[in-house]
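Chemist: These are the residues of each chain, in order.
Protein chains: 2
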Amino acid sequence: VKLYNMGLAVNPRRVRMFLAEKKLQVEMIEINIPKGENLTPEFLAINPRGVVPTLVLDDGAVLDESVAICRYIESLHPDPNLMGTSPLETAQIESWQRHMEFDGLSSVALAFRNMVPFFATRSAPGNVPSLGQMAELVERGKLLTQHWLANLETRLSESAFVAGNRFTIADITAFTTIDFAKAIKQFVTDAQPNLQRWYAEIAARPSAKA
Amino acid sequence: VKLYNMGLAVNPRRVRMFLAEKKLQVEMIEINIPKGENLTPEFLAINPRGVVPTLVLDDGAVLDESVAICRYIESLHPDPNLMGTSPLETAQIESWQRHMEFDGLSSVALAFRNMVPFFATRSAPGNVPSLGQMAELVERGKLLTQHWLANLETRLSESAFVAGNRFTIADITAFTTIDFAKAIKQFVTDAQPNLQRWYAEIAARPSAKA
Numbered sequence: 003v004k005l006y007n008m009g010l011a012v013n014p015r016r017v018r019m020f021l022a023e024k025k026l027q028v029e030m031i032e033i034n035i036p037k038g039e040n041l042t043p044e045f046l047a048i049n050p051r052g053v054v055p056t057l058v059l060d061d062g063a064v065l066d067e068s069v070a071i072c073r074y075i076e077s078l079h080p081d082p083n084l085m086g087t088s089p090l091e092t093a094q095i096e097s098w099q100r101h102m103e104f105d106g107l108s109s110v111a112l113a114f115r116n117m118v119p120f121f122a123t124r125s126a127p128g129n130v131p132s133l134g135q136m137a138e139l140v141e142r143g144k145l146l147t148q149h150w151l152a153n154l155e156t157r158l159s160e161s162a163f164v165a166g167n168r169f170t171i172a173d174i175t176a177f178t179t180i181d182f183a184k185a186i187k188q189f190v191t192d193a194q195p196n197l198q199r200w201y202a203e204i205a206a207r208p209s210a211k212a
Numbered sequence: 003v004k005l006y007n008m009g010l011a012v013n014p015r016r017v018r019m020f021l022a023e024k025k026l027q028v029e030m031i032e033i034n035i036p037k038g039e040n041l042t043p044e045f046l047a048i049n050p051r052g053v054v055p056t057l058v059l060d061d062g063a064v065l066d067e068s069v070a071i072c073r074y075i076e077s078l079h080p081d082p083n084l085m086g087t088s089p090l091e092t093a094q095i096e097s098w099q100r101h102m103e104f105d106g107l108s109s110v111a112l113a114f115r116n117m118v119p120f121f122a123t124r125s126a127p128g129n130v131p132s133l134g135q136m137a138e139l140v141e142r143g144k145l146l147t148q149h150w151l152a153n154l155e156t157r158l159s160e161s162a163f164v165a166g167n168r169f170t171i172a173d174i175t176a177f178t179t180i181d182f183a184k185a186i187k188q189f190v191t192d193a194q195p196n197l198q199r200w201y202a203e204i205a206a207r208p209s210a211k212a
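Taken in order, these protein sequences are the chains called A and B.
FYI, in the working numbering the residues of the first sequence are 3 to 212.
FYI, in the working numbering the residues of the second sequence are 3 to 212.
It is possible that part of the hints are untrue.
Each pair may be met inside one copy or between any two copies, as identical chains are not told apart.
Unchecked claim - Only pairs whose alpha carbons sit at most 20 angstroms apart, straight line, appear in this in silico SDA-like list of lysine to any residue:
(1) K25 / L158
(2) K144 / E32
(3) K184 / P43
(4) K37 / Q135
(5) K144 / N83
(6) K144 / Q27
(7) K184 / G128
(8) K144 / G134
(9) K144 / A126
(10) K144 / R51
(11) K144 / N129
(12) K211 / P127
(13) K24 / L90
(14) K144 / P127
(15) K144 / P131
(16) K4 / E91
(17) K144 / V130
(18) K37 / L78
(19) K25 / L41
(20) K4 / P89
(21) K211 / L10
(22) K211 / S108
(23) K144 / S132
(24) K184 / M117
(25) K144 / E44
(26) K144 / R207
Honestly, the hints are just simulated from the structure, not real lab data.
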């Protein structure tokens, strides 16, 4: 098994953190996205969409999407459970996980891709038509990120973890997104004590270093 | 069980089509999003994010996200299978389903929300800060939709269905997105025979009318 990875990118980090929670190690191959290594003919032959993480199994089967990779790992290595046990809990965790993606991660990514110089002609990720950057989308991304953090503060005032009373994949998405948000200068504030309490707890887990 | 629904919206339609494939019927309550019924205090008390579909179970538990609702239904009503059986197949179907969302549905929605008059101050969906429309995002959404359709034509030249050799949730997402794309004047063309073959097959299923 090989994981095409980028050390600094948020989506591969989600998978690395998921693997670390399961105490699993896999061979990693670094793909430098700012340098365009995700768009070489060699990498596009593995993943035509030109994104990481991409997991290649020993028989050559390819899984090219973060959450799908996590679900595959969860099936083969069910302990500790990170994606739910009963039908209802599994659906609720998926729901929260997706809210963290759509409300949080996609907002941070919108600002980031429209801001950093090395994506000047690649503001949409992967193997898609060239798109320039728009300053207004940086502002939109930041505004939506702040809105997401405010909602998450409310959630964590009622719940120990994002999806309920235990650590799940939804915490991984939220935590890695908050670290990603530092790149667009959006931070958890002193007025968000529940986010701070939760963030400190997750940051103390060994998987946070993965 | 009650499904908060909007007849003309793509995300509730995904769930309705999924239910129809399982031959299940649930009570539906119509929420008119253009009229703002998703942002009333009554609806926000059920779903604070202000979006549909939202499924409320008989014990009051709420599932507020399309794919999470589908996964819950799949767990309780496993036949016909729409989300995979083995760990690898389940992950591959999820991967394709998510590609249809991120590459297709989100592109169409980007154009649509920035185009139609009733979203003039609500170009981001749900209970979020007011955002105006940007003409350039209509063009971006259309361009990315065309790119997605071209990639899907290639995929369907190699595969009977989106995720492989049988009908799955990935086909539901792709099919409903292609219908949604008509609202932004993007269509499958005569130069895309595999898309046309596949679209006609899916359109002939009784669930396509759900």
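Chemist: Run every hint past the structure and note whether it holds.
Modeler: Against the structure, the hints:
1. K25 / L158: neither (27 angstroms within a copy, 38 angstroms between copies)
2. K144 / E32: neither (29 angstroms within a copy, 33 angstroms between copies)
3. K184 / P43: neither (32 angstroms within a copy, 34 angstroms between copies)
4. K37 / Q135: within (17 angstroms within a copy, 33 angstroms between copies)
5. K144 / N83: neither (33 angstroms within a copy, 40 angstroms between copies)
6. K144 / Q27: neither (35 angstroms within a copy, 41 angstroms between copies)
7. K184 / G128: neither (22 angstroms within a copy, 25 angstroms between copies)
8. K144 / G134: Cα proximity of K144 and G134: in one copy and across copies (18 angstroms, 15 angstroms).
9. K144 / A126: For K144 and A126, both the intra-copy (17 angstroms) and inter-copy (14 angstroms) Cα distances are at most 20 angstroms.
10. K144 / R51: Intra 26 angstroms, inter 18 angstroms, cutoff 20 angstroms: inter-copy only.
11. K144 / N129: Between copies only: 16 angstroms across, 25 angstroms inside.
12. K211 / P127: neither (25 angstroms within a copy, 34 angstroms between copies)
13. K24 / L90: between (23 angstroms within a copy, 18 angstroms between copies)
14. K144 / P127: Result: close both inside a copy and across copies, 18 angstroms intra and 16 angstroms inter.
15. K144 / P131: Between. Shortest inter-copy distance 11 angstroms satisfies the 20 angstroms Cα cut-off; intra-copy 24 angstroms does not.
16. K4 / E91: For K4 and E91, the Cα distance is within 20 angstroms only across copies (19 angstroms; inside one copy 31 angstroms).
17. K144 / V130: between (24 angstroms within a copy, 13 angstroms between copies)
18. K37 / L78: neither (34 angstroms within a copy, 47 angstroms between copies)
19. K25 / L41: neither (31 angstroms within a copy, 44 angstroms between copies)
20. K4 / P89: Between copies only: 18 angstroms across, 31 angstroms inside.
21. K211 / L10: within (12 angstroms within a copy, 45 angstroms between copies)
22. K211 / S108: neither (22 angstroms within a copy, 32 angstroms between copies)
23. K144 / S132: Between copies only: 14 angstroms across chains, 23 angstroms inside a chain, cut-off 20 angstroms.
24. K184 / M117: Answer is within; shortest intra-copy Cα gap is 13 angstroms, inter-copy 32 angstroms.
25. K144 / E44: Classified as neither; 35 angstroms inside a copy, 29 angstroms across copies.
26. K144 / R207: neither (28 angstroms within a copy, 43 angstroms between copies)
Hints 1, 2, 3, 5, 6, 7, 12, 18, 19, 22, 25, 26, counting from the list given before, are not met by this structure.
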